Amino acid sequence: MRELLTLKNIVKTFPGVLALDDMNFDLREGEIHAICGENGAGKSTLMKIVTGVYKPDSGEIVVAGEPVSFDDPNEAFAKGIAIIYQETSLFEEMTILENIFLGHERMKKAGPLTFIDYGKMRQEALEIFKIMDVELDLDERAKNLGMAQKQMVEIAKALSHHSKILILDEPTASLTQREVEALFGIVRSLKEQGVAIAYISHRLEEIFELCDRVTVIRDGKYISTKDVATTNKDELVADMVGRSMDNYYPKAEVQIGGELIRVEHLNQEGILQDVNFHINKGEIVGFSGLAGAGRTELALAICGFTKIDSGDIYMEGKKVRIHNYRDALNAGFVYVSEDRGKYGLVIEMSVKQNITMPQLANMRSGIFLDNKKELALAGRYIKEFGIKCPEEDFLTENLSGGNQQKVSVSKAIAMAPKLLILDEPTRGVDVGSKAEIHGIVSQLAEQGTTIFMISSEMPELIGMCDRIYIMKNGTVAGEVGRAEATQEKILKVALHVD
Amino acid sequence: MESNMETLAKPRKRSGLNFNIALLVILVALILIIGIRNPTFLTYNYMMSVVVKNIMEIGLMALPMTLIVITAGIDLSVGSIMIFSAIAGGMVAQSMGDGMGILVTMAVGIICGLANGLIIVKLKISPLITTLATFFLFRGIAKGMTQGDSVYSYDFTTAVGNMEFGGFPLVLIVFIVAAVVFTLLLSKTAFGRSLYALGLNENATRYSGIKADRTLIAIYVISGVICALAAYFYLGRFSSVKFDVANSMNLKVVTVIVLGGTSILGGVGDMKGTIIAIFIIAVLNSGLTVMNIPIDVQTIIQGTVLIISLIVYSILGERAKKRRILDVSKAGGPGSGSIEGGAAQTPA
Numbered sequence: 305m306r307e308l309l310t311l312k313n314i315v316k317t318f319p320g321v322l323a324l325d326d327m328n329f330d331l332r333e334g335e336i337h338a339i340c341g342e343n344g345a346g347k348s349t350l351m352k353i354v355t356g357v358y359k360p361d362s363g364e365i366v367v368a369g370e371p372v373s374f375d376d377p378n379e380a381f382a383k384g385i386a387i388i389y390q391e392t393s394l395f396e397e398m399t400i401l402e403n404i405f406l407g408h409e410r411m412k413k414a415g416p417l418t419f420i421d422y423g424k425m426r427q428e429a430l431e432i433f434k435i436m437d438v439e440l441d442l443d444e445r446a447k448n449l450g451m452a453q454k455q456m457v458e459i460a461k462a463l464s465h466h467s468k469i470l471i472l473d474e475p476t477a478s479l480t481q482r483e484v485e486a487l488f489g490i491v492r493s494l495k496e497q498g499v500a501i502a503y504i505s506h507r508l509e510e511i512f513e514l515c516d517r518v519t520v521i522r523d524g525k526y527i528s529t530k531d532v533a534t535t536n537k538d539e540l541v542a543d544m545v546g547r548s549m550d551n552y553y554p555k556a557e558v559q560i561g562g563e564l565i566r567v568e569h570l571n572q573e574g575i576l577q578d579v580n581f582h583i584n585k586g587e588i589v590g591f592s593g594l595a596g597a598g599r600t601e602l603a604l605a606i607c608g609f610t611k612i613d614s615g616d617i618y619m620e621g622k623k624v625r626i627h628n629y630r631d632a633l634n635a636g637f638v639y640v641s642e643d644r645g646k647y648g649l650v651i652e653m654s655v656k657q658n659i660t661m662p663q664l665a666n667m668r669s670g671i672f673l674d675n676k677k678e679l680a681l682a683g684r685y686i687k688e689f690g691i692k693c694p695e696e697d698f699l700t701e702n703l704s705g706g707n708q709q710k711v712s713v714s715k716a717i718a719m720a721p722k723l724l725i726l727d728e729p730t731r732g733v734d735v736g737s738k739a740e741i742h743g744i745v746s747q748l749a750e751q752g753t754t755i756f757m758i759s760s761e762m763p764e765l766i767g768m769c770d771r772i773y774i775m776k777n778g779t780v781a782g783e784v785g786r787a788e789a790t791q792e793k794i795l796k797v798a799l800h801v802d
Numbered sequence: 101m102e103s104n105m106e107t108l109a110k111p112r113k114r115s116g117l118n119f120n121i122a123l124l125v126i127l128v129a130l131i132l133i134i135g136i137r138n139p140t141f142l143t144y145n146y147m148m149s150v151v152v153k154n155i156m157e158i159g160l161m162a163l164p165m166t167l168i169v170i171t172a173g174i175d176l177s178v179g180s181i182m183i184f185s186a187i188a189g190g191m192v193a194q195s196m197g198d199g200m201g202i203l204v205t206m207a208v209g210i211i212c213g214l215a216n217g218l219i220i221v222k223l224k225i226s227p228l229i230t231t232l233a234t235f236f237l238f239r240g241i242a243k244g245m246t247q248g249d250s251v252y253s254y255d256f257t258t259a260v261g262n263m264e265f266g267g268f269p270l271v272l273i274v275f276i277v278a279a280v281v282f283t284l285l286l287s288k289t290a291f292g293r294s295l296y297a298l299g300l301n302e303n304a305t306r307y308s309g310i311k312a313d314r315t316l317i318a319i320y321v322i323s324g325v326i327c328a329l330a331a332y333f334y335l336g337r338f339s340s341v342k343f344d345v346a347n348s349m350n351l352k353v354v355t356v357i358v359l360g361g362t363s364i365l366g367g368v369g370d371m372k373g374t375i376i377a378i379f380i381i382a383v384l385n386s387g388l389t390v391m392n393i394p395i396d397v398q399t400i401i402q403g404t405v406l407i408i409s410l411i412v413y414s415i416l417g418e419r420a421k422k423r424r425i426l427d428v429s430k431a432g433g434p435g436s437g438s439i440e441g442g443a444a445q446t447p448a
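Heads up: the protein sequence lines correspond to chains A and B, in order. With this note's numbering, letter number 313 in the first sequence gets 617, and the count goes up by one each step, no holes. With this note's numbering, letter number 178 in the second sequence gets 278, and the count goes up by one each step, no holes.
Excised from the complex, chain A in its bound form:
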């Protein structure tokens, strides 16, 4: 079989991060080739290079035997490379037909005028649907379609551009079992037509059901490419996690006290199912799981941002009722969001105003805000965390990302929480700041703060946590202690591989 796409020795760096290091990948005509790796392994960076979103620092991209260099996604698209994302990008108010040919409508001339040739487009679309072996009403508006049907339209759109290389990024993440089967049918018929398909998925079962070869990447490095027929799940998992443990996790030994929080039978329709867990005083407890397993949703539910349908929360043995975030703060929980710019900070306000915002009631003398109290609180944390700003009234938007993250964490810690909930505290942070944040977390635990840490980086959880809960499908599916925690164990529960 002919090689349609070859990547050789691709290197891509971002400031402070080596995203791809000497990456190799090849895709043959008429094959389905899976790409596997943990969150953050570099899958999406790799795909962005293939589709022309990023330019590699060095290395070679060969499409159908011809070396290429893409300056933007349109050039990759013109070479026949199309990507279908989890989230589709159809125009809701347009019909299927209009969506498929958007931007490259077939035209016909009538004297001096040019018209859209709906007849021709309709005929072409039907031919594409025949290849895909699907039936959809071309005049249906996109907004009336289900997720799976939208994906089919996206695929048809790619084929209308005569794409020979199709990348599917987690296509089954939001599909039902029946829809998944329909999608697999389409993918297989495209394969018969000689289309090369790169298939990214977290679900190992799917890889064994659908794919011909599988390439594993880890930490931006190429690890292995194997024929699916000659490998097994255990081998793949080992390849995915087989890194030696980094030693920049400064976890200190802390005296673990009695129970701080216990959550029993927490339910939230369609999101959380019968969640049970507890955390003891002084513990750092990790929450692992794949994207969509319900970790952030759990944190938001216990903090009162979303309503729970049933279940109980006990703090130090006493039942607490939490209807909104203010109640959660009063109970001693503080939540630090992973999205600093959207939920963490008001960046147009000063460092001081951000740090004092959750406790303005404490910043008053009489009924008015007392600037001295505000300055004192902000000044203390600027000093303690080494936030690099000339003064407390400095605008937060003028700080670097790492310093903004420190402001966001300061704001939470200034509340003196009993339970600090950190949601992906090191996502998008470079290696240096990462170690610094781990240091702060460890120090807090030493000072008696209990920590609920959500992270998609397993080494981080294994390195930092006393215990790790593993979530899957909106429930706690397993638990491992510090002593026996390995990435294989966690991944086995998260992927449910026996």
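Among the hints, erroneous ones may be present.
[Stated by the list, open to error] Here are the simulated DSSO-like cross-link-like pairs (lysine-lysine), alpha carbons at most 30 angstroms apart as the crow flies:
1. A:K537 <-> A:K495
2. B:K288 <-> A:K676
3. B:K222 <-> A:K623
[Unchecked claim] Pair by pair, the computed Cβ-Cβ distance ranges are:
4. B:A278 <-> A:A680: 32 to 38 angstroms
5. A:M398 <-> B:G240: 36 to 42 angstroms
6. A:E788 <-> B:N303: 35 to 41 angstroms
7. A:H465 <-> B:N303: 35 to 41 angstroms
8. A:E396 <-> B:K222: 22 to 28 angstroms
9. A:P377 <-> B:N303: 28 to 34 angstroms
[What the hints assert, rightly or not] Computed from the model, here is a short list of chain A residues facing chain B with C-beta under 7 angstroms:
10. R306
11. F433
12. F512
13. L649
14. M661
15. P662
Please keep in mind that the hints were generated in silico from the structure rather than gathered at the bench. All values derive from a computational prediction rather than experimental measurement. Each residue gets a CB set at the ideal place from its N, CA and C atoms; glycine is no exception.
For chain A, the structure is supplied; the task is to place chain B on it using the hints.
Just chain B now, kept in the frame of chain A:
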């Protein structure tokens, strides 16, 4: 380095101050120009009984409207709430006495404000659409209640609408007190701080444990209360009202806010700007009349003043932004290490 740090410190505050000074200069210039052309304008009596008195209802409503606009909201129903509450109170007073009239006016104001707030917060319908709808709704109810007839002032409203202390109208005293309260509320309290935060980033504000829903409902209710307060004076001053008067009052209030430098996008602005702008509009309204300038030309002049002030504001804003960027890069840039050196040199 020291002076550098100083400019770095309060760029936004400075531009706000600059703008308020510019507004003040415009106000004084207008008073002088009109006063020179027609000295009657500068007499105490004319100032109090014409210039000030005619703007007071708009002035009162502009105070809570500033709070609303800072949260990136708007209340287009203010004039309608005032008329509706004046009419409802006036009708009740005819049959049940002044006490009930006073109560009903205030109750209607509160209920209208609460309705706006609940629709905006609980049903998540945009403030613009909500209050545009209630603008018509409240007028419609007022029309239905009166069947198009006028409603007359009663003893209480006549008294407060015309009460003076040595030529100093009661309404101006009430306005001054309200202006001081609103200024302090916005600039000195936790409530005021949360309004700015809501206007800049509602999500982050909620994630700071601030009860955003309650705060937002509260400002629309406050707006309703002030509309009812204005209703007493309005009914007393004109001795009767019909459902269709003061139709463009909402836009006049919004004009004041915008002229005062409050961003319609939320998060930026202050009460002082609004207060100065109230008097600029007052001087323009009465001053152009006293100069015998025809009403259509007056409207053109008012529009022009508004556009000029917006241009001035955008120029000042751009400059402040440029200076800020310049200062940051001089200080070594936010991301670079050298700003640390700057911080170390900042006097304690």
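Going through the hints against the structure:
| no. | hint | result |
| --- | --- | --- |
| 1 | A:K537 <-> A:K495 | 24 angstroms, holds |
| 2 | B:K288 <-> A:K676 | 13 angstroms, holds |
| 3 | B:K222 <-> A:K623 | 29 angstroms, holds |
| 4 | B:A278 <-> A:A680: 32 to 38 angstroms | 33 angstroms, holds |
| 5 | A:M398 <-> B:G240: 36 to 42 angstroms | 39 angstroms, holds |
| 6 | A:E788 <-> B:N303: 35 to 41 angstroms | 39 angstroms, holds |
| 7 | A:H465 <-> B:N303: 35 to 41 angstroms | 38 angstroms, holds |
| 8 | A:E396 <-> B:K222: 22 to 28 angstroms | 26 angstroms, holds |
| 9 | A:P377 <-> B:N303: 28 to 34 angstroms | 30 angstroms, holds |
| 10 | R306 | 47 angstroms, violated |
| 11 | F433 | 39 angstroms, violated |
| 12 | F512 | 41 angstroms, violated |
| 13 | L649 | 6 angstroms, holds |
| 14 | M661 | 4 angstroms, holds |
| 15 | P662 | 4 angstroms, holds |
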